[in-house]
Amino acid sequence: MKWLGLALVAVAAFLAAVLLGPAHVPLAQLTSSEIVRSLRLPRAILAFLVGGSLALSGAGLQALVRNPLADPFLLGLSGGAGLGAVVAIGLHLSSPWALPLAAFAGALGAMALVYRLGLVGGAELDPRVLILAGVAVGAFAAAVTTAIVSLSDAAELRNAFLWLWGGLSGASWDTVLLIGVYAPLPVAVLLAAARPLDLLALGEEPARHLGADVEPLKRRVYLAASLLTAAAVAVSGVIGFVGLVVPHAMRLLWGHRHRPLLPAAFLGGGALLAVSDTVARVAVAPRELPVGIVTALVGVPVFVLLLRRWTAR
Amino acid sequence: MALRTGRRRLPISAPPGVGVFAMRRRAHRPHLAGLLVCAAVAACGRGGDRRSARAALAVTDDAGRTVALAAPARRIVSLSPAVTELLFALGAGDRLVGRTTWCDYPPAARAVPSVGDGLNPNVEAVAARRPDLVVLYRSALNETAAAQLSRLGLAAAVVRQDRLEDLARAARLLGRLTGLEAAGDSLADSLTRLVAAAPPGPPRIRVAFIVWDNPPMVIGAGSYLDQLATLAGAENVFHDLGAAAATVALETIAARDPDVIAVARDSAGKGAPALPGFARRREWQVVRAVRERRFAYLIGSLFDRPSPRAGAAAAELRRLLGEAAR
Chain A
425 MKWLGLALVA
435 VAAFLAAVLL
445 GPAHVPLAQL
455 TSSEIVRSLR
465 LPRAILAFLV
475 GGSLALSGAG
485 LQALVRNPLA
495 DPFLLGLSGG
505 AGLGAVVAIG
515 LHLSSPWALP
525 LAAFAGALGA
535 MALVYRLGLV
545 GGAELDPRVL
555 ILAGVAVGAF
565 AAAVTTAIVS
575 LSDAAELRNA
585 FLWLWGGLSG
595 ASWDTVLLIG
605 VYAPLPVAVL
615 LAAARPLDLL
625 ALGEEPARHL
635 GADVEPLKRR
645 VYLAASLLTA
655 AAVAVSGVIG
665 FVGLVVPHAM
675 RLLWGHRHRP
685 LLPAAFLGGG
695 ALLAVSDTVA
705 RVAVAPRELP
715 VGIVTALVGV
725 PVFVLLLRRW
735 TAR
Chain B
672 MALRTGRRRL
682 PISAPPGVGV
692 FAMRRRAHRP
702 HLAGLLVCAA
712 VAACGRGGDR
722 RSARAALAVT
732 DDAGRTVALA
742 APARRIVSLS
752 PAVTELLFAL
762 GAGDRLVGRT
772 TWCDYPPAAR
782 AVPSVGDGLN
792 PNVEAVAARR
802 PDLVVLYRSA
812 LNETAAAQLS
822 RLGLAAAVVR
832 QDRLEDLARA
842 ARLLGRLTGL
852 EAAGDSLADS
862 LTRLVAAAPP
872 GPPRIRVAFI
882 VWDNPPMVIG
892 AGSYLDQLAT
902 LAGAENVFHD
912 LGAAAATVAL
922 ETIAARDPDV
932 IAVARDSAGK
942 GAPALPGFAR
952 RREWQVVRAV
962 RERRFAYLIG
972 SLFDRPSPRA
982 GAAAAELRRL
992 LGEAAR
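Taken in order, these protein sequences are the chains called A and B.
Our numbering puts the last residue of the first sequence at 737; the count rises by one with no breaks.
Our numbering puts the last residue of the second sequence at 997; the count rises by one with no breaks.
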């Protein structure tokens, strides 16, 4: 029953994203309209892929660091992506793929750095070390990015922050194809780790005693979640709250077992982002709100509600 | 900063001689009363003259502040490219002792030393040029700078520069402050006439000014570019947006279907301008003007700020749009 409900919500979100928009497209012309075929349809699909990736990655990281406040950008990826993007704009790289590739490279760099710091002193990806390293790397990258933007002559760099706020404006069939080909592997890795993650939630020692291979599991989950997030940021900037709030919302309905939780988070995250993007396009038309603002406006009340339920227990 | 402490303790209106007197008074106590009376009378007398001289050169700037000068400004620091152009147009270019790094027109302006940015300026660098007038452009960040400059005893005038009407007002203000009222007023009148003139006839080309592609940002009615479009006889498809610039969805641009897309072009670029990066992205091909490669490239120094060359800018815009629409 719950799955049916979630599926209906997802379908409704998708339809809303395709049918609604600031440009008026009469129903009769829907299938033949260029705007719907080349702009709204890929944008709706991308919203599902990016939202799902962020929520799935968030759920995985929350299990990995055993901290309910973890989100995909905890480990410095947003800082790294921003630095990569600003460098690409500053170097005036003209290719239309320069910005996403540079952001992806920056995020990967941050991921590698945090991973290396997580292994320092034999820590073996200790959650506390990971969190601290992520915060440090993210803050450093953000500081360097701000320094470059404030010292440079190019006015375009100031607009780089607009990109960083997140948005699905760059959605096209090319981007959808790219994510569609890239994402299944990390998604599969995370979904397959569902049962071991249940064990990990008990603690590392108990998990080991119960048969989970903890070190390779932590590495797999860390790499898969970071790669998914890096791709999402490269394509759509930093969209907050989806990765944080959706796993918790799904836990209220499906409990803590990751077998049902991870797929539910993927669908729920996709639906949330699709709805937020539709609201962002339509609410103040012809202007457009940054989608990160809408996800926060929707996500914060949900989060407060969840917090009250959590502390009331 | 090399501030002489003696100056700090005295009001601006007192001439330097009185200050020297004041310092020596402490050493010669028997003469204290007599000298004090003489100095006070002297200061009062000259103060009276100064006040009436000041009244002749007191103007209210665009922030509502009163800018008062003892004499027409001789050393001016301009913290805005539009003001730099204006000063040269008034014939006061030789009085410019400081400019921002962005002031690149006219070419003679480049010989003037730069004091850094115009937004949130380096107050020390400005003061180091020892100006008697500093002109800033109106912005929340510059309010603090203007207050700091006043505290240092430097006259600071804040001018708005969003549209041509603001420029006309600035021309009058600067004309009064430099003693070149005739030039200021005639420039202001010609700009006002330009704004009031009937726009040229058809073809009425529909244009969208795109400043950034991800997310797409366009120019709206609050901007100088929109005004130029009207003067050029064109129609800004986003004229209904009140703000100077706004983010819109790509499908909105596609739905409004502009004939030509205007983008900024680097002033230093030589030869034919390159296609903007977003023109090659797949999702932008839905916009007809991008598909058909109808772009107009606007040079920053002429188009990104209101200038006395507005008439020439409007004519150039009309020419570029006509070429692109063909």
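FYI, nobody ran anything at the bench for these hints, they're computed from the structure.
Any given hint might turn out to be false.
[To be verified] Chain B regions said to be covered by chain A (calculated; three or more residues, Cβ under 8 Å):
1. 803–814
2. 881–891
3. 959–967
4. 990–997
[As the list claims (entries may be wrong)] Every beta carbon over 12 Å from chain A, so not counted as near; a handful from chain B, in silico:
5. 739
6. 782
7. 788
8. 819
9. 822
10. 834
11. 856
12. 869
13. 872
14. 918
15. 945
16. 946
17. 947
18. 950
19. 979
20. 980
[Claimed, not checked] If you want a taste of the chain B side facing chain A, the calculated C-beta under 10 Å gives, among others:
21. 745
22. 777
23. 864
24. 915
25. 917
26. 949
All residues carry an ideal CB built from backbone N, CA and C; glycine is no exception.
inquiry  = Just want to verify: residue 856(B) was marked as not at the interface with chain A; is every Cβ pair farther apart than 12 Å?
reply    = 34 Å, holds
query = Far enough from chain A: is every CB of that chain over 12 Å from the CB of residue 739(B)?
reply = 35 Å, holds
ask   = For residue 819(B), is the shortest beta carbon distance to chain A beyond 12 Å?
value = 20 Å, holds
ask   = Checking C-beta pairs, does the stretch 881–891 of chain B have three or more residues closer than 8 Å to chain A?
value = This one holds; 7 residues, not fewer than the three required, reach chain A with a Cβ under 8 Å.
key: Least C-beta distance from residue 950(B) to chain A larger than 12 Å   = 8 Å, violated
query = Taking the closest Cβ pair, is residue 917(B) under 10 Å from chain A?
reply = With a closest approach of 5 Å, the residue 917(B) hint holds.
ask   = For residue 872(B), which was marked as not at the interface, is the minimum beta-carbon distance to chain A over 12 Å?
value = 29 Å, holds
request  = Can you take a look at whether the stretch 959–967 of chain B is actually covered by chain A? Rule is 3+ residues, C-beta closer than 8 Å.
outcome  = Coverage by chain A is violated here, the residue count being 0 at a Cβ distance below 8 Å.
inquiry  = A closest beta-carbon separation below 10 Å is what the hint needs, so does residue 745(B) meet it against chain A?
reply    = 31 Å, violated
query = Should the interface hint for residue 915(B) be scored as holding, given a Cβ-Cβ cut-off of 10 Å against chain A?
reply = 13 Å, violated
query = Going by Cβ atoms only, is residue 864(B) closer than 10 Å to chain A?
reply = Status violated, d = 32 Å.
key: Status of the stated non-contact between residue 822(B) and chain A (beta carbon gap over 12 Å)   = About 25 Å separates residue 822(B) from the closest Cβ of chain A, which puts it past 12 Å; holds.
The structure is inconsistent with the numbered hints 1, 3, 4, 7, 14, 15, 16, 17, 18, 21, 22, 23 and 24, although it conforms to all the rest.
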